[in-house]
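There are 2 protein chains.
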Amino acid sequence: EDPLTLKAVNTIRVLAADMVQEANSGHPGAPMGCAPIAFELYTQFMSYSPSDPQWPGRDRFILSNGHACALQYIMLHLTGHSLSMDDLKSFRKVDSMTPGHPENFVTPGIEVSTGPLGQGLANAVGLAIAEKHMAATYNKEGFDLVDNYTYVLCGDGCLQEGVTSEASSLAGHLGLGKLILLYDDNQITIDGETDLSFTEDVLKRYEAYGWHTSSVADGTNLKDLNKKIEAARKVTNKPSIIKVTTVIGFGSVNQGKEKVHGAPLGADDVRQVKEKFGFDPDQSFVVPDDVRDVFTSCAEAGEQARKEWHAMLAKYKEAHPDLGAEFERRIAGKLPEGWADGLPVYKVGDAAKASRFTSGLALNALAAKLPEMVGGSADLTPSNLTALKETGDFQKDTPEGRYLRFGVREHGMAAITNGIFCYGGYRPFCATFLNFISYASGAVRLSALSRMGVLYIMTHDSIGLGEDGPTHQPIETLALCRATPNMHTWRPADGNEVSGAYYSAMESYNTPSVLALSRQNLPVLEGSSMEKVKKGGYVLKEYGEGDDLDIIIASTGSEVCICVDTAKLLAEAGKKVRIVSMPCLEIYDEQPEAYKLECFPEGVPVMSVEALGIEGWHKYAHAPFGLIRFGSSGKGPDVYKKFGITPDNLKVQAEKVIAFYPKGQAPSLVKRPQLDFVRYNEHGH
Amino acid sequence: EDPLTLKAVNTIRVLAADMVQEANSGHPGAPMGCAPIAFELYTQFMSYSPSDPQWPGRDRFILSNGHACALQYIMLHLTGHSLSMDDLKSFRKVDSMTPGHPENFVTPGIEVSTGPLGQGLANAVGLAIAEKHMAATYNKEGFDLVDNYTYVLCGDGCLQEGVTSEASSLAGHLGLGKLILLYDDNQITIDGETDLSFTEDVLKRYEAYGWHTSSVADGTNLKDLNKKIEAARKVTNKPSIIKVTTVIGFGSVNQGKEKVHGAPLGADDVRQVKEKFGFDPDQSFVVPDDVRDVFTSCAEAGEQARKEWHAMLAKYKEAHPDLGAEFERRIAGKLPEGWADGLPVYKVGDAAKASRFTSGLALNALAAKLPEMVGGSADLTPSNLTALKETGDFQKDTPEGRYLRFGVREHGMAAITNGIFCYGGYRPFCATFLNFISYASGAVRLSALSRMGVLYIMTHDSIGLGEDGPTHQPIETLALCRATPNMHTWRPADGNEVSGAYYSAMESYNTPSVLALSRQNLPVLEGSSMEKVKKGGYVLKEYGEGDDLDIIIASTGSEVCICVDTAKLLAEAGKKVRIVSMPCLEIYDEQPEAYKLECFPEGVPVMSVEALGIEGWHKYAHAPFGLIRFGSSGKGPDVYKKFGITPDNLKVQAEKVIAFYPKGQAPSLVKRPQLDFVRYNEHGH
Ligand SMILES: [Ca+2]
Ligand SMILES: [Ca+2]
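As you go down the protein sequences, you meet chains D and E in turn.
Start counting the first sequence at 1; every next residue gets the next number (this note's numbering).
Start counting the second sequence at 1; every next residue gets the next number (this note's numbering).
Since the hints were made in silico from the structure, they are not lab data.
Among these hints, one or two may not hold up.
Copies of the same chain are indistinguishable here, so a pair counts whether it falls within one copy or spans any two.
Straight-line Cα separation of at most 20 angstroms, DMTMM-like style, residue types lysine to aspartate or glutamate; simulated pairs [as the list claims (entries may be wrong)]:
1. 140 with 598
2. 334 with 593
3. 243 with 207
4. 642 with 682
5. 656 with 282
6. 671 with 602
7. 89 with 195
8. 656 with 593
9. 257 with 268
10. 641 with 682
Pulled out of the complex, with its shape left as it was, chain D reads as follows (with noise of 0.2 angstroms):
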């Protein structure tokens, strides 16, 4: 190799032993391992704006092992992007701009959070759907607006998980030629080496996807990477995959062993390094003039490329300014004017409807006015009723359509929603049973933790979706939606509810929502309307004679039809009954303290009731009701009866917590010591 080329990848390889070694804690096996095929990349092929990260014309790399992080934050620095060689010298410490895992939200030029294995490789997925699906929407003759690659690097450990065999088989059936993926082939693990647990056939694993393979046998080799990396650019009509055998730790005394994946070299072995490498050992954070031109060049060439994409920008909107007018709308992740008109309202008397079916009519109301909106449902359109009137399937051969077939991939689609979601200009939505939305944990949490306004449409979301059993209804699944942070879980009662959950949804740009709707229909509540969700809970409505309330019955989705008859029940009875509708509680822990009072009044008890698990509700509720064990299978209505949530069940029940307390004097549970949370600073920490 070239001297210099060969320098600057060592300065890397230099760089990466000095912040694992100055943190005293990290991996600097990978960064030593893949310095050349970050070299190549960011040097040969990528084209971004240090002065702009979020250039929408950049091509986007993911390092989906993110714990080699150290990697990516010397190639932002050396590139010159924000990141100094002092936020270098903080890795891993706490605010510093250089965490543990590549964070989104904190470091400008990282594309989206990473460490959880597996979940990059399939937000790349997504990254390069929305690539082919934005050119087929906005390309023109003269015009190529949108047209960028996206390069991921994973390892074992990434291909390992079921997260990217869904998302790979995917890429693999729609031929997203523009997807190229670095498996970093260390042959190692964190239990040793790779042969313990993973001996199969990564190559013909993705020929069997669709995808393009190759291979570079001495990841140290640039002309060959080089060469690799050019051929699967050629190769327009399938994702490629370039397995690139590296060894990991490359220059330590002890590369090749599992000793230098997870923890610092040790000072010896960093001095030897620099030694090897022809560095000063006693200069740590060092990089050579010469060296830092050779990025600055590449990084100017970047520049130079932003500027004439704008040009080209600024001439596309004098030829197609409806267009143009689009698409800058959307990459600023702006709602239009009006863009909410058409959700629908709905009134007392209306036929009952499924909220999964006045779902489907909120969802369409948005998409006609929405381009940006694309999604689908994991094998269960017809059931999830997610299907789009405005458009056709995205597949292979027809990219500008919007709707996705995920198949029956839950992980998978939600980690590629993650990736259509941060490609800019995008709000997808993406949909299964409610149940389900468990085996896409890992994905979702992440929309949450990377501020991705996203929306999960989860239909079946009780024990009335009847039939299919305990394995389809969910019991807990609420319980962690709620209790994840930045995430909105909403269960609308009704059509009107529904439409202000999207309304919501829509406006929340930086929070992904989950609507859980039901399988059965539900009538247009007396006391409904989009406004008054917005504070997630609200008086739907009092029943009985008189002033002083005997109880409140606080419940979400479909089971407030359910105490709106309960409280007839209780009327008749002499008793004065409140109905509080709560389709999101997050939304209503944040309201003033004055609201929750108005809502629930000192001395009133409340019980609450909702057809999955108690837990949480203990919050609001002196009595919870639920089930305290999973559902059973049977007709809806049975199944509902068996448990006890039926109007006559639940006045018994409500008789109970009256007779439980003296009236007037149950406990305030609104009224609590206010502790001092820590919350997000403007940095993102």
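Following the hints, complete the assembly by docking chain E with the ligands onto the known chain D.
Frame of chain D, contents of chain E with the ligands only:
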């Protein structure tokens, strides 16, 4: 085909059509298409005993596409298992023996609960591991005590799920020669044809995993089916997949279409099917006598095999009395005398150790006495500290080993662990970081639903893991585990509580236990003991003068010692503070109210402290403290400080709680109305 054979196969098809029609709900398509496969397995290959469905020598059959369970129920009925014709007529009705998906705890002859796609196949990998290991452990010259095949039937849905990719890759690595997968390739999914989303080359993928592959082009060709199954049985060093091309809903006017997948055929079509197959269209639920004889004679052969097996076992016990007794004990699911004697006990002043470390000691103490403990980690052995000193790895050529190298495959790991448990005679464990239990949620929930006493050893259980940051730090995870019915979530505070948690976990044969364990060191606490944790929560110790408590601090795991230091600070400031350690909230929930009032006397405010999310704590705490956002990357102590989980800050928070309530007047959260919750009855319903 022989006419009687054809009639027998068609009887299965007609019964399936009848069942779904009668239920007015269900999936007729797969049973009708797969009837020849089931016929061939149950009459030509499988050994089973209808009079003792749990006979250890039986071949295992797993219906991974559980929605096709009408087929399995029909086979159980025809072969003389205790499922009557009336049971078939009650398909999908509440409290019937024939629920909408197979439930192992309801229906004799069902090995595992399936329906959530992919689980059954991954379970089957566990069953095959269990067989191979048990055979290696107990079989002796002349005594093939353990010698059965595991057959799985699955559809394309199962093969799209990542969990099967993970499990199948491992199965190939392990060379599980007695695992035979029949893939019902009917080219139909719920959304339509499989080519909407699933165009990979499945057999090539399985070849890449190291499986033996074959195919049956016409799934009605019994001779070809027989030949391919026979060939698969003879391949003893690799698992086998046989792709069987079938016609979904074979016999229906809509055969081959999505329409027959998940809805009744309709009365007219059912008549048409019966006429086509030579049955009386006016009769339903009919088994011709000659057909019944076919199955009865097969079942008799199974009964004979069972008798011979028991005779062999009797001789085995004479020849190998110790092994024989141990084998019988394991199969009976009994723990031996003195099994817990080796569990370590710690005293105040012993060196502080991470609970993952004391977990490793407890695990090894138990494993030394309990050969039924097998398990491993998802490639985090050095972090989870789950290595077994007693034994080497279970690998292809060392099947006697008890330690499993699962690879980075959390979902597959959990599903395989479930499979090992349901083989009988095992108490398996598996391990990863607590946060990544979410990758495995789909299988973890089934451990609980299907009543499998598996151990989830989950380390790095909070922000205390430090530098790896928020992608690795669980927040919502314990809320999920606690909200899952029939699952015990342990978060022990020191070594004694760890030993107590293991004790409880082993005693809970039908309840899985999650052990959440710290990365960081924890001191041995004054007041802790193995005995006390049996109630799930207990008064650890009080600090300060006088009798009147100012506050109770309830906490778990690594925060208990911090709360003790907080209590000491408060005591110095003149407060009287009680610390309640609550290592298992679910077990605590089950204690009588009187006991709870001993821990949490009326009038005293409770603050809870846990370095995770606060959801779920409102049940017992007036003021739950913890995180309301995701965590942060940094050194563990720095992250604790950032989030205020330090004695100094907790003292400030506790003072707010004390100040909020007039002394002695905090409302009791323990005394609540008791509602009538539905529990399981003796029939498993
Ligand atoms: Ca939430
Ligand atoms: Ca639980």
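Right, here's what the structure says about each hint:
1. 140 with 598: Classified as neither: same-chain Cα gap 56 angstroms, cross-chain 75 angstroms, threshold 20 angstroms.
2. 334 with 593: Neither: 32 angstroms inside a chain and 54 angstroms across chains, both beyond 20 angstroms.
3. 243 with 207: both (12 angstroms within a copy, 19 angstroms between copies)
4. 642 with 682: Between. Shortest inter-copy distance 15 angstroms satisfies the 20 angstroms Cα cut-off; intra-copy 50 angstroms does not.
5. 656 with 282: Cα proximity of residue 656 and residue 282: none, with 77 angstroms in one copy and 52 angstroms across.
6. 671 with 602: both (9 angstroms within a copy, 17 angstroms between copies)
7. 89 with 195: neither (36 angstroms within a copy, 51 angstroms between copies)
8. 656 with 593: Between copies only: 17 angstroms across, 27 angstroms inside.
9. 257 with 268: within (17 angstroms within a copy, 68 angstroms between copies)
10. 641 with 682: between (50 angstroms within a copy, 19 angstroms between copies)
Consistency with the previously given hints fails for numbers 1, 2, 5 and 7, ordered from lowest to highest.
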